[in-house]
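The listed protein sequences correspond, in order, to chains A and B.
Mapping the first sequence onto the numbering used here, position 137 (from 1) lands on 137, and the numbers just tick up by one.
Mapping the second sequence onto the numbering used here, position 35 (from 1) lands on 35, and the numbers just tick up by one.
Simulated from the structure, these hints should not be mistaken for laboratory data.
Note that CB positions come from ideal geometry on N, CA and C, so glycine has one too.
Do not take every clue at face value.
For the chain B half of the interface with chain A, some residues (derived, Cβ under 10 Å), not all of them [said to hold, decoys possible]: (1) Arg266; (2) Asp271; (3) Val286.
Pairs of lysine-lysine residues, derived as DSSO-like cross-links and limited to a Cα-Cα distance of at most 30 Å, are as follows [to be verified]: (4) B:Lys168 / A:Lys244; (5) A:Lys188 / B:Lys257; (6) A:Lys85 / B:Lys168; (7) B:Lys257 / A:Lys372.
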Amino acid sequence: MKRWTKAITGVAAVALATAGCAGSGGSGGGGDDAGQNEDRTLTVWLMNGSAPETLTDALHKEFEQTHDGVTVKYEVQEWNGIQDKLTTALGGQNPPDIIELGNTQAPAFASQEVLTDLSGDVGDLNGDQWLESLKASGEWDGKQYSTPFYAANREVLYRTDMFEQAGITAPPTSRQEWLDAITKLKAKFGSDPQFQALYLPGQNWYTLLSFIYDEGGDIAEKDGTKFTATLTSDEAKAGLEFYKQLVEASGTTAPKDNDEQTPEQAGIFGQGKVAMMIGLPWEVDTATKDAPDLKAKISGFPIPSKNAGETAPVFQGGSNLAIPVNSANADLAKDYLKLMLSSKYQTMLAEAGMVPGASTDLSPLEKNPVSKAMADASQNGRAVPATPTWATIEAGQNPLKDMLTAYLTGAKDLNQATADANAALDAAFSG
Amino acid sequence: MTATAQIVVPAGSPPPAPPRAGRPRRAGLGERTIPYLLLAPAVVTMLVLLGWPMVQVIGISFRRLDLGELVRGEVVWIGLENYREVLADPEVWTVVARTVLFTAAVVAATVLAGLLLAVLMRHLSGGVRVALQVTLVLAWATPILATTTVFQWIFDQQYGILNKTLVKLGFDSFAGYSWFSSGTSTLTVIGMLIIWQAVPFVCFTIYAGLLGTPQELYEAASMDGASPWQAFANVSWPSIRPLVTLATFLSVIWDFKVFAQVWAIRQGGPDGGSTTLPLLLYLKGVAGRHFGVASAIAVLMILVLLVLTARYLQLLLRSREADLS
């Protein structure tokens with residue numbers, strides 16, 4: 001059966017190739033210099049909202065100029081349903097040559113050996129400047145299957161006018177100062193029943209990760225390609241306790257059984273009764289969509305650490321770039337990656353407000369206080385366990401979310417909540 | 001429908017066949033093949049669109065098919081390994097039991113509510129009945145996910161109208177009450193959502209049966225001094241029974257494999273407490289990319305459905321035979 005399929009696809013491929021040649025034969029005819037690059041197409045799939053159009057336009061122009069006869073077929077994909085689409089596309093006969101993968105999805109693809117091993121090319125691809133968390137996401141079993149692209153991490157977005165009125169002179173730089181700021185804000189604005197010093201829904205597990213990292217813990221321990229959950233550690237418990245302390249101190253009325261997307265926290269922040277929220281820089285734009293005058297009053301600071309003067313480590317979300325193993329243009333694709341990860345285009349990414357994956361130059365981000373706060377914290381970025389099973393966890397049943405809700409609503413005590421989530425996470429890791 | 005027809009046309013000897021002139025002639029080849037030719041497009045379409053995928057699913061359930069095998073085009077036969085893995089997982093049995101119970105509860109409530117509404121509709125006067133019918137059609141016509149979103153907001157912990165109303169009515173303990181904190185509570189909300197969307201169809205189907213019941217039968221029953229309950233049991237029920245069976249059967253199939261609403265509400269949470277078989281299939285198969293295991297679960301689902309609907313299938317087959325004889 002397999003041989004049959006191969007034979008048929010082979011025939012189809014040959015037929016297509018000849019058809020392609022015949023179509024262009026008229027002009028290409030003689031022996032010009034295009035050589036093997038003649039009429040090759042490099043298919044690039046990037047995600048909606050990742051690289052800005054100015055960057056891709058410039059990059060594709062440069063790439064086509066330096067690679068005679070090559071056309072870049074650029075397709076912007078939607079995040080929604082991308083896993084299924086990638087699965088189908090990679091299983092098809094004509095896969096894209098460059099794909100962008102969410103960093104938490106990357107291990108699922110790497111472990112199945114459907115991506116080209118790039119271990120030997122790291123040096124060529126600006127490897128010494130790679131962002132540590134995204135590099136880790138792209139690794140599987142000691143090999144590098146995808147490269148960093150860009151990242152982002154959460155920070156505390158706050159209302160400068162409210163801080164001023166409450167007599168807070170500088171953004172908090174420790175947990176204690178953070179809690180003090182909440183007290184001051186409540187003293188000043190607390191008479192308004194709709195006021196929230198900090199909007200923090202019960203299932204913002206990215207923020208919980210920050211607190212656990214800050215305590216010196218993690219959610220899992222790595223041993224080769226195996227992961228073991230470590231939510232019952234004292235550090236993880238301390239992180240969870242601080243989350244609860246923060247929820248209680250802030251008097252947030254955000255739902256304890258939902259995350260920051262339902263309802264969208266930026267929309268609530270934009271109503272003007274919230275002094276702080278923990279979010280991504282571009283949530284400022286969402287928040288101020290209907291209240292443009294608010295924009296000038298919003299700034300950001302890194303999530304404070306329990307150690308005064310430090311910033312808490314943060315979960316880094318972002319994207320990796322990879323070449324499908326059955327790409328027919330792997331050589332061109334590597335050239336493309338090289339260009340994309342060069343400092344020129346990485347700087348353009350930073351200018352667009354993202355933490356570049358292959359450049360340690362963060363100066364473009366420092367022009368704006370909100371992106372500067374992200375850049376400051378990004379030095380201490382971490383990734384979720386680089387295991388293929390994480391994709392399943394994120395697809396729906398995230399034990400960390402269940403743990404947060406159970407603990408915050410009092411349905412389970414600290415030991416019970418962490419033990420249950422630990423078992424659920426281990427079960428998920430075993431796939 | 002057959003039962004309705006039997007009531008409309010009093011039972012008796014069938015009308016005599018039109019007299020046929022001459023000797024019975026043999027049908028030509030063309031005449032004999034035409035029915036099959038006419039059936040062919042439908043049969044072929046069904047085989048291609050339903051039969052082939054079904055064969056594929058059964059085939060895949062005996063293979064190891066993860067992303068890697070899919071991309072490399074490998075065919076790895078592993079016999080019953082997928083079934084062994086699925087059946088050895090205690091969670092799967094919990095999910096099967098939960099799905100069966102959930103389906104039974106939702107179907108029972110749907111059919112009962114549909115039946116009551118249909119009877120009510122028959123007794124309502126013009127304007128009110130039209131209002132009720134329009135309401136039902138609207139509930140039915142609203143896209144599934146739109147209704148789901150509305151329900152999510154109704155039951156929202158902080159902003160939900162239900163909690164706010166309950167607090168206004170004096171039940172202060174519902175301030176900030178989380179309806180999605182346990183699997184049972186979450187499934188109850190999902191069940192209500194599905195019932196809400198399913199009742200209109202069942203109601204209209206049964207109502208159609210009631211309309212087909214001749215008014216004279218009710219008059220006769222009332223003349224004989226039948227109570228409303230007796231009228232229902234002896235006049236309405238016989239004529240709508242096949243339709244109720246049909247609605248129940250269809251509801252079992254629909255509710256057993258419902259995915260969108262269950263997934264949208266809480267993705268099967270909390271702690272996997274509202275995970276039903278279709279969700280398990282999605283989590284293992286699509287999210288976890290173990291297509292072989294997912295196919296085994298799919299085959300398992302078909303088997304459970306067959307068991308659940310065996311009685312109806314039996315009735316269906318028997319009535320066919322009766323029609324034929």
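Evaluated hints:
no. : hint                : in the structure
1   : Arg266              : holds (8 Å)
2   : Asp271              : holds (5 Å)
3   : Val286              : holds (6 Å)
4   : B:Lys168 / A:Lys244 : holds (28 Å)
5   : A:Lys188 / B:Lys257 : violated (54 Å)
6   : A:Lys85 / B:Lys168  : violated (48 Å)
7   : B:Lys257 / A:Lys372 : violated (49 Å)
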